[in-house]
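Keeping their order, the protein sequence lines are chains A and B.
Heads up: the first sequence begins at 1 in this note's numbering, then just goes up one per residue.
Heads up: the second sequence begins at 1 in this note's numbering, then just goes up one per residue.
Among these hints, one or two may not hold up.
Unchecked claim - Simulated coverage check for chain A against chain B, where a stretch passes if three residues somewhere in it have a Cβ under 8 Å from a Cβ of chain B:
no.	stretch
1	45 to 55
2	337 to 347
Stated by the list, open to error - Some residues of chain B that are not near chain A, with every Cβ distance over 10 Å (derived):
no.	residue
3	Asn76
4	Pro108
5	His123
6	Lys128
None of these hints come from the bench; they were simulated from the model.
Using N, Cα and C, we set each Cβ at its ideal position, and we do this for glycine too.
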Amino acid sequence: MQSRIAIVAATLLALAVAPYSARAQLAPDQMTSYKLGAPSPHWAYIFDSPISVPQVSKVYILDTDARKMLGQLNGGYIASFVMSPDASELYMVGTFYSRTWHGTRTDAVEIFDAHTLGFKSEVKIPPKRLLIVPKDNSAAVTRDGRFMLVENLTPATSVSVVDLKARKFVGEIETPGCVQVLVSGARKFSSMCADGSILTVNLDDAGKLKSRKQSKPFFNPSKDPVFDQPALVGTTAYFDSYHGMIYQVDLSGDEARAEPGWSALSEDDRKANWRPGGWQSISASADGGSVYLLMHQGGEWTHKQTGKEVWVFDTAKKARIARIPLKTEAYSIRTSSGPKPILECLALIQSQLETYSLPDGKYQGVYTNLGAPFLIYGP
Amino acid sequence: MDKIDQLFEHLTRAIAQRSSRRSFLARLGKLAVGGMIIPLLPVDRVTASARAQGLPALPPGAPVPAGMEAMVKHGNPDDDSACDYWKYCAIDGYLCSCCGGGSHDCPPGASPSPTSWVGTCRHPGDGKDYIVSYRDCCGKTPCGRCLCANTEGEMPLYRPQLDSDLIWCFGAPTMVYHCSTAEIVGIK
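Chain B with its partners taken away, still in its complex shape:
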């Protein structure tokens, strides 16, 4: 098995621990009838981004090689309302923590989207690399506070699973974007 496959399998297991996401993927499969389904499995973003950078994908537990820092950043450990907060290494949008929510919680009345894009961020305290799912909160107009646009690994629309300009509210009650969160889904 090549290294990319190893990484993919590892990340898939981490994601698969979350039954709600799994059930969403099943629902998503139904949505694809009659059209082409774009791979939405969030881990694909990590693998494809590694490929996009022309870098080897990381086998589980391997040290981060030189040049891969764009995907694995050392960030601010304390302030979750700052763009350089460690979990926000690939976030694009208004921070929910500035909008009445938290770094991984929606503000009151907004709905977490079941779909997301994903990054890998290193916690500056324990030095471990965490898989972070960037889930939008939907159902209210844009919060308009703390706009962060981290573009590492971001791809054009013909690779939509890697495009953070899309309104990532697929599967939410409405496609009205409010703010963005960063949720730890596992350790790499």
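Just chain A, same shape as in the assembly:
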């Protein structure tokens, strides 16, 4: 009798507990991959060239408002990162050896979906792309998104053209004595030349050479060279020089047209040895009304010294309007687009990004563990 009571009691207990157990148990996880929405102007795309193994390049996508990592993109040996104008695709132009660090060399434009960050396809290009500590404008897309232009240096200089619509290599355009790709239109790019001039190239609708014209030199590279990573806004390039000159160059025509340069430095600034420097040392606001220079105090040939302040200039008045002291000395700077632009400052050695609100220059915060971050890009 007792055993029957025990069985009934156990059964009742089991029936009573079962629903509670089921309710207390977590539902099984469903594993997915996140997707990204449309990029915000405050997303920063940070290019990391791992110093000891640059055979794999990385781009970290950060939401600087949320201070959150959104995702990562990979590329080949010292790759070049490029975004499509319509924000639908991302590109890594890379070099690959068949055995990672030796073997047969292949260069390719790798195409990624900007929302899934997944690999879509690739277009092989001649294995002669520029290999250098990563620099902005080593590859770029025409304004209509049709052609990818890739700088070659063997050390002969030329530009490889890839038709992104047809996904095929079109050909090469020689740019004798001139380097890099400053895109200023749907069929137009300019390159910086050894004598201080600018070469402007027009393409036809097939991506072939239509015309090529070299400007007069607008600075003297032997006396005061301009940095080779200008800020490009619309069809205007803003250059800063080793000794603190600022040059505004109109790239809209068949021949580049430079306005006379002006100095960012007062006599007192010069006496205190202020000068621009770092890696990405110049940025411009989206309307071109302001130019930002990364500044340090140092003597001759300190052009790669990290900057402790960012100086803001009104390009119409050709005058300084603000000085922003940085919490951590920066190697590269960028100002974001959008209605509330921010100043993004990369510290290479500290492996971090710090942001400041504009125009007040108020420190917002830091994002760490970014590898060897050389360059900042943004939508």
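Use these hints to put chain B onto chain A, whose structure you have.
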């Protein structure tokens, strides 16, 4: 002949004593077909750097004028694993002497690049100015030790022969950079 030309001729003779480099330059000429050749003759760096500083180029044997010290430094005579070692006055990269190689020798298995950039460094012991060729060792991933970045005379990419950020492995079996050396190629 102006002073720059005199210096150029003198340095060219010094470099030309090295037949391997000469044969490389011949090969390089072939590479230039179809595109613009950027002057790679290493001595051009010295001359152009002098110009870049707005300083007179040095005639052979002349004393180093004030202001030219950036190109001719008095350095550490002993420690070839230090950035201020006298031969490293214009070096940019990882020192091969910290990576299993020497101040002018590649670590085992790495290949010397036939191309280079050049500086002029004064030996602190004998007071003489030596032409130093900065040749990369290529074919292995970066050594990652003893990074030196001496930027005197360094120019942006549109003057590539003076840009030490380039991977200077042109003509080597691969363009994979490992470390940098400093090789005496002659006396100025």
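Verification of the hints:
For the stretch 45 to 55 of chain A, the proposed coverage by chain B is satisfied: 5 residues have a C-beta within less than 8 Å of a C-beta in that chain, meeting the threshold of three. With 0 residues carrying a beta carbon less than 8 Å from a beta carbon of chain B, the stretch 337 to 347 of chain A misses the three-residue requirement, and the given coverage is violated. No Cβ of chain A approaches the Cβ of Asn76(B) within 10 Å, the least distance being about 19 Å, so the stated non-interface status holds. Consistency note on Pro108(B): stated as away from chain A, and its beta-carbon is indeed over 10 Å from all of that chain's, at 15 Å minimum.
With a minimum CB-CB distance of about 22 Å to chain A, His123(B) clears the 10 Å threshold, and the non-interface call stands. No beta-carbon of chain A comes within 10 Å of the beta-carbon of Lys128(B); the shortest separation is about 24 Å.
When each numbered hint is compared with the structure, a violation occurs for hint 2 only.
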